[in-house]
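Asks: If you want the building blocks of each chain, they are given just below.
2 protein chains.
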Amino acid sequence: MNILLSTTSKEPLFQQIKEQIKQQIYTGELTEGEALPSMRVLAKQLKVSVITSKRAYEDLEKEGFLVSSVGKGTFVAGQQPHFLREWQVRELENDFEQLIADAKRLGLTKRDLLERLEIFFEGDES
Amino acid sequence: MNILLSTTSKEPLFQQIKEQIKQQIYTGELTEGEALPSMRVLAKQLKVSVITSKRAYEDLEKEGFLVSSVGKGTFVAGQQPHFLREWQVRELENDFEQLIADAKRLGLTKRDLLERLEIFFEGDES
DNA sequence: TTATTGTATATATATTATATATACAATATA
DNA sequence: TATATTGTATATATAATATATATACAATAA
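As given, the protein sequences belong to chains A and B, one line each in that order. In this text, residue positions in the first sequence follow UniProt numbering: the first is 1, and each later residue adds one. In this text, residue positions in the second sequence follow UniProt numbering: the first is 1, and each later residue adds one.
The hints are simulated quantities; they were obtained by calculation from the structure and are not laboratory data. It should be emphasised that the depicted structure is a prediction, and the values quoted were computed from it without experimental measurement. Please note: incorrect hints may appear among the correct ones.
Just so you know, same-sequence chains aren't split out, so a pair can sit in one copy or run between any two.
Taking lysine-lysine pairs in the DSS-like style, the calculated list, with each CA pair at most 27 Å apart, reads [claimed, not checked]: (1) Lys47 x Lys72; (2) Lys110 x Lys10; (3) Lys47 x Lys110; (4) Lys22 x Lys104; (5) Lys62 x Lys104; (6) Lys54 x Lys104; (7) Lys62 x Lys44; (8) Lys22 x Lys110.
Sequences are here, hints too, so could you generate the full structure?
Replies: Spelled out as structure tokens, the structure:
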């Protein structure tokens, strides 16, 4: 598993790890049932404490992306993440619809939103 | 002006003050143009530092609820939704930025968002 | 001038977030 | 069983942020 940590980024280390693992699950780079490096191995690889790698794995387990068991290791969880993604996309669509309604109410034009979309989407291409 | 502070509440003091002033503006208990107690008077009344009363008034001014001027005092703002709108637009921009970051993390493309923008913006052409 | 108003600066304190070292417990496997 | 590997729990350190204060400053009113 490949993970890059930026020491300059404002994002905390455990957060960077989480994001990249999620990303790799979404893209299929990490597949269902696949074993992740142990917390210690990952910690060593990233020059980070075990607590930090644990924090990332632990959070992702709570979110349904990973499954851990003592002595065995940590693995990509079953189908749930995909359903989870579907669900998250729907949630995001709802938020987007609400946000656009608010924008209209404030008198913003479609062009206004397009401009901001361009700007924000480029953001940080990490 | 009547304000009650709970010392046991988890809400910070300045927040409690803000909420109650907003409430009184909404209910009409405080009316447009009406003078509020000076920061010092309020501070003394609530047994709180001037910085805390200022923090409350200052925030509410930024949000468009109050208007302050040196030597005169602090007053309930008119219904010009001008400041309020500016503030709401900024809030909406922040939300939009966050939403786009989430969308990227979920693997949505800019095109995906554009399509939804088209759909949702037409939504109800009331 | 004098008192009253809001404002700015520097600081203290508490809370929360982040990260670590170290010891512990469960499981795999030689 | 013995040993190594796995995830886990506890206690702690450090940094960042939020909250609140005292005090001095500046503008306006009377």
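Asks: For a quick check of understanding: which of the numbered hints are violated here, in increasing order?
Replies: 3
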